[in-house]
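Read top to bottom, the protein sequences are chains A and B.
Take the first sequence: its position 19, counting from 1, is numbered 18 in numbering that gives the first Met the number 0, and each next residue is one higher.
Take the second sequence: its position 331, counting from 1, is numbered 330 in numbering that gives the first Met the number 0, and each next residue is one higher.
Errors might be hidden in some of the hints.
Stated by the list, open to error - Simulated pairs of lysine-lysine, DSS-like, Cα-Cα distance not exceeding 30 Å:
| # | chain 1 | residue 1 | chain 2 | residue 2 |
| --- | --- | --- | --- | --- |
| 1 | A | Lys203 | A | Lys129 |
| 2 | A | Lys12 | B | Lys392 |
| 3 | A | Lys129 | B | Lys302 |
| 4 | A | Lys129 | B | Lys87 |
| 5 | B | Lys8 | B | Lys358 |
| 6 | A | Lys129 | B | Lys8 |
| 7 | A | Lys12 | B | Lys302 |
| 8 | B | Lys358 | A | Lys129 |
| 9 | B | Lys170 | A | Lys152 |
What the hints assert, rightly or not - Non-contacting residues of chain B with respect to chain A, defined by C-beta distances greater than 12 Å in every case (computed):
| # | residue |
| --- | --- |
| 10 | Ile307 |
| 11 | Ala313 |
| 12 | Leu359 |
Source of the hints: derived by calculation from the structure; they are not laboratory data.
The C-beta atom is built at its ideal place from N, Cα and C for all residues, glycine as well.
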Amino acid sequence: MIKISSLAHVYEKGRRLKFSDWEIADMEQWLLLGASGSGKSTLLNIISGLLEPSQGEVLINGIDLYTLPVRGRDRFRGRHFGIIFQRPHLIRSLDVLDNLALVAVMAGLPVDHERNLSLLHDLGIAELAKNYPDQLSQGQLQRVSVARALVNKPDLLIADEPTSSLDDENANQVIQLLTTQAKDNGAALIIATHDRRVRDHITKTYLL
Amino acid sequence: MNILKISSKNLVRNKLTTILNIILVAFGVSILSILFLASTQISSKLEKNAKDIDLVVGAKGSPLQLILSSVYHIDYPTGNIPAKDAYKLMQNPMVKRAVPLALGDNYNGYRIVGTDSTFSNLYGLSIQKGSFWHKDLEVTLGNTVALTSGFKIGDFFFGVHGLTGNGDTHKQHAYQVKGILKPQGNITDNLILTNIGSVYKMHEEKHVEGHSHVSAEETKEINDKQITALLIQYKSPMSVILFPRMVNQSTNMQAASPAMESARLFSLIGVGIDTLQWFAIFIMGIAALSIFISLYNAMKERKYDLAIMRCLGASKPKLFFLVMFEGVLVTFIGACLGLLIGHVALEVIGAYQKSSQAKLTGLTAIPQEVYLIWIGLFIGALASLIPAMQIYKVDIAETLTKNR
């Protein structure tokens, strides 16, 4: 489904990152391992169409992502990728449920409130639906951002250190949710992490 | 969930800034709308009252004062003119209609105007109740006078000397109400009409009975009969040039044109209106600046929000529109609120207004007010343009990866 080949990125400061080729089939679950600063976030940004690489190509179902026009790439990302960031950036003026609804709206899809509520329920934060982001703890925020990534039933879930701010119990629950939800939605999963708690659940690894 | 909701939620989140900006816009718009409304209403009232009056002839003095006193019934008359000279002018072939006016008394501030039937022809007056005055000391009340005084047909009242409420009461003779006029929507609503004879009678009697030692000269003046002014309508527009010159040069009287004098009056008031207008525009400018600064500052914080939305699939133009929309929404609300405040304020001003000549009301609207809303929208768009441009500069990947 996703194939990267001869990918490299050069930052303005002159730092050069080179990535070995990688192929992810449908519904495969991968760990992206690497020391901090090794370019995990950079690679995820490139795959998700946020950062244009200096060199190489990202093929998604045979289409080179970076030959799409910017708008097309935005739309493609909104509909096919669910992204969980290191920091759970939520829109602060909207409550949790509206933050989820926004995902569908931004991707130009109809809002399914029932699905959003059941996602919150699965993540154990159903009672927070009407709360605003600044009323939530870091762990709760992270779970909302997981729910947000799942709203549009993406083909690929990309998680950048999703468990780093969670305790053991919550971390386990989130990984369980990510793996099962990815499976249920027919989505492939990439988790960039250095968290040992995650390594036990996923076998395929891509090492930077 | 749409752009409107996202914008309004964000505005609600920053309540104080939003309220400040709305108030600034509303303040500017309300001043402008009050100015627009008041000046249109005043000029239309003035025009209505001076309709069909081509020229006013009165005693020498300020032409503006002559117009104000005898057409708008605001100021004091310039003096009196000899009735026989006035009647001579009335016979002039250029004159289609001439209405003599004798002022001097009032009731509760409502002027008692001595005139003849040509007055009702000139203003197209019609009776609501009763009849027009016929004999001395009979009066017909303007509609507003009847309403506020509560007089009914057949009631008697005493006139007061002078043109304001507090003078000597003419106790010798009482006026009798003979009729009440239909509302005319002009100055005649606020007048008490009678014949010239009544006005003479009031003042003659007073002199004869009250001051028996009156000088011979004074008695002669009264016996010679005087009137205050003459409202003139021309037969043909040609007379506009000839007639006033004839009056001013060959008689001891003065001719003044209502059109010219009200234009002069307006050019005098105009300075004040201009100043206020610039003041309002200045406030609108401040509002634009305030909106710009608050949106621009908010962009630092909102960069993350916008980056996330981009990440979720929103295109740059969509987010550009979102930021623009916020600014425009604030000014739109402000402009609408400003119009509302303007109308309410004008209605309140009208309610407290003493001068009944040009009573202001906030219940009418004029087409120019639509421009105020457009100006509001334009200011909003202008102020949010630069902040919205930031959308195109934000590096999403970097913004989201960086710690807050």
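Right, here's what the structure says about each hint:
| no. | hint | result |
| --- | --- | --- |
| 1 | Lys203(A) / Lys129(A) | violated, 38 Å |
| 2 | Lys12(A) / Lys392(B) | holds, 19 Å |
| 3 | Lys129(A) / Lys302(B) | holds, 24 Å |
| 4 | Lys129(A) / Lys87(B) | violated, 89 Å |
| 5 | Lys8(B) / Lys358(B) | violated, 43 Å |
| 6 | Lys129(A) / Lys8(B) | holds, 14 Å |
| 7 | Lys12(A) / Lys302(B) | holds, 23 Å |
| 8 | Lys358(B) / Lys129(A) | violated, 53 Å |
| 9 | Lys170(B) / Lys152(A) | violated, 97 Å |
| 10 | Ile307 | violated, 5 Å |
| 11 | Ala313 | violated, 4 Å |
| 12 | Leu359 | holds, 42 Å |
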